[in-house]
Amino acid sequence: MTSSTVVAFDASAPWQLNEQVSLRDESFGALAYHHGTRRLVFLKSRELVAVVRQLSDFDSADAAILALVPEGQRARYSTALTSLVRSEILCER
Amino acid sequence: MSAESSLRNRFERGLAAPICLTWELTYACNLACTHCLSSSGRRDPNELSTSEAKALIDEIAAMQIFYVNIGGGEPMIRRDFFELIEHAVNQHVGVKFSTNGTRIDEAAARRLAAIDYLDIQISIDGVDAATSNRIRGAGSYDSARRAMDNLKAADFGQFKISVVMTRESIEQLDEFEKLAAHYGAELRLTRLRPSGRGVDVWQELHPTLEQNRRLYKWLLARPNVLTGDSFFHLSALGEALSGLNLCGAGRVVCLIDPVGEVYACPFVIHEEFRAGNVRGSGFRDVWQNSELFQSLREPGNAGACASCGSYDACRGGCMAAKFFTGLEMSDPDPECVFGHGERALTAKKVLLRPTPSPDHSRQVPVTISAR
Ligand code: SF4
Ligand code: SF4
Numbered sequence: 001m002t003s004s005t006v007v008a009f010d011a012s013a014p015w016q017l018n019e020q021v022s023l024r025d026e027s028f029g030a031l032a033y034h035h036g037t038r039r040l041v042f043l044k045s046r047e048l049v050a051v052v053r054q055l056s057d058f059d060s061a062d063a064a065i066l067a068l069v070p071e072g073q074r075a076r077y078s079t080a081l082t083s084l085v086r087s088e089i090l091c092e093r
Numbered sequence: 001m002s003a004e005s006s007l008r009n010r011f012e013r014g015l016a017a018p019i020c021l022t023w024e025l026t027y028a029c030n031l032a033c034t035h036c037l038s039s040s041g042r043r044d045p046n047e048l049s050t051s052e053a054k055a056l057i058d059e060i061a062a063m064q065i066f067y068v069n070i071g072g073g074e075p076m077i078r079r080d081f082f083e084l085i086e087h088a089v090n091q092h093v094g095v096k097f098s099t100n101g102t103r104i105d106e107a108a109a110r111r112l113a114a115i116d117y118l119d120i121q122i123s124i125d126g127v128d129a130a131t132s133n134r135i136r137g138a139g140s141y142d143s144a145r146r147a148m149d150n151l152k153a154a155d156f157g158q159f160k161i162s163v164v165m166t167r168e169s170i171e172q173l174d175e176f177e178k179l180a181a182h183y184g185a186e187l188r189l190t191r192l193r194p195s196g197r198g199v200d201v202w203q204e205l206h207p208t209l210e211q212n213r214r215l216y217k218w219l220l221a222r223p224n225v226l227t228g229d230s231f232f233h234l235s236a237l238g239e240a241l242s243g244l245n246l247c248g249a250g251r252v253v254c255l256i257d258p259v260g261e262v263y264a265c266p267f268v269i270h271e272e273f274r275a276g277n278v279r280g281s282g283f284r285d286v287w288q289n290s291e292l293f294q295s296l297r298e299p300g301n302a303g304a305c306a307s308c309g310s311y312d313a314c315r316g317g318c319m320a321a322k323f324f325t326g327l328e329m330s331d332p333d334p335e336c337v338f339g340h341g342e343r344a345l346t347a348k349k350v351l352l353r354p355t356p357s358p359d360h361s362r363q364v365p366v367t368i369s370a371r
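Chains as they are written, first to last, in my numbering: chain A, 1 to 93; chain B, 1 to 371.
Fair warning: there could be bad hints in the mix.
As the list claims (entries may be wrong) - Per label pair, the in silico range of CB-to-CB distance: (1) 75(A) - 354(B): 51 to 57 Å; (2) 13(B) - 71(A): 27 to 33 Å; (3) 184(B) - 7(A): 22 to 28 Å; (4) 220(B) - 71(A): 39 to 45 Å.
To be clear, the hints were calculated from the coordinates, so they are not data collected in a lab. No residue lacks a Cβ here, since even glycine has one placed at the ideal position from N, Cα and C.
Turn these sequences into a full structure, and let the hints steer you where they fit.
The structure is reproduced here in structure tokens:
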């Protein structure tokens, strides 16, 4: 099982999709399944899925959001990424 | 519209692949539970072969179905049981399987404990032998407990204890919780549906309105108790229970039976809800293109529930429960928390209950302890 330490989301750090997670594209976004915790998480927009998939190309989550998300929406994406970190869908690189 | 309800609307229109795929490996079973949803007993001679089963697993993996719920009959009766689950797990298709536990001796428990991505649900129908055996047959309770002991001794980790809520078992909720805690197990409670042989006992065993209200409160206070989204019809009582709260049949849920037939959900093994067979053009084609599934993904008709203030929570309840009790799809759920289902049932002059098909019950009676 996974450790119970809660990882805080530091947007200035480099992040990536957890290797134990599979993503399946759906019309509304994607389903993410964590094979370790056996939890299913819904990514509720295609834009969010694009950010998640490309996180590993950037030096930090901030840089990814800056490059991929239009200005007015950036705060929402930080919130979404924070919850994906909490559910261990994302992990630090 | 909240984010949750818009997501639910998307789910109602169907997904690229199911979230909750149940695959019954065999109709063979060494027990003869009175409420068996698949009328299991005898093996069907036309069962998928090992190589057909493996090809199906490959397709499941290719469709990115993350895990499959394996059941039966008793799945461990198949001689290639371990071969098949290992084949799935090796391709990162997680396996959750339901068993009566009779085949989990010490050696099997150790073998199961060595497999990753494996969940086990052991079924009992009462917290004591007398209550459970009335439904599952003499000796069944002790063998289920032995299986739990063996899994614990083999350090399997957290397994699930699965209980169908009947008029009797619902009175034992707190004791089930204690039993699960004793094993460090998760508790999973599901709804009794009038499916398979369940149709014969549903009338006398389904919970009363008052019991359902108690169950609702009990579950609301325990979001960690698993329910497989069974009780969303109870969400009409107020705050929604945790889960998707929708009938997922043909949208996010489906069943593949031992001979490869695809049905809309495990509780509607009937001609009318059969979408196709994996032996033809494959499972993906059935899931994506069958006429039945397409029609189930059309916006539903609220029917008699249209004027109900709780429709958004309950959506008229369970299709299978309506179908097998002889109600129309536009009627309320037979266990509607406001009693509308019961009234609809009494109002029908002639109740045309469909005959369940197919039936693999054994013709020879199995010893079942006297009531
Ligand atoms: S009337 Fe229909 S929607 Fe309302 S609670 Fe009863 S079954 Fe559910
Ligand atoms: S028919 Fe009933 S059991 Fe089947 S998916 Fe719908 S609500 Fe669930």
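At the C-beta level, are residue 13(B) and residue 71(A) separated by a distance inside 27 to 33 Å? Once the Cβ atoms are compared, 32 Å apart, the range 27 to 33 Å for residue 71(A) and residue 13(B) holds.
Falls inside 51 to 57 Å, the C-beta gap from residue 75(A) to residue 354(B)? 54 Å Cβ-Cβ, so the 51 to 57 Å window holds.
Check the following: the C-beta atoms of residue 220(B) and residue 71(A) are separated by a distance inside 39 to 45 Å. At 41 Å between Cβs, range holds.
In this structure, is the beta-carbon distance linking residue 184(B) and residue 7(A) contained in 22 to 28 Å? Check passed, 25 Å falls within 22 to 28 Å.
Violated hints for the displayed structure: none, as all numbered hints are satisfied.
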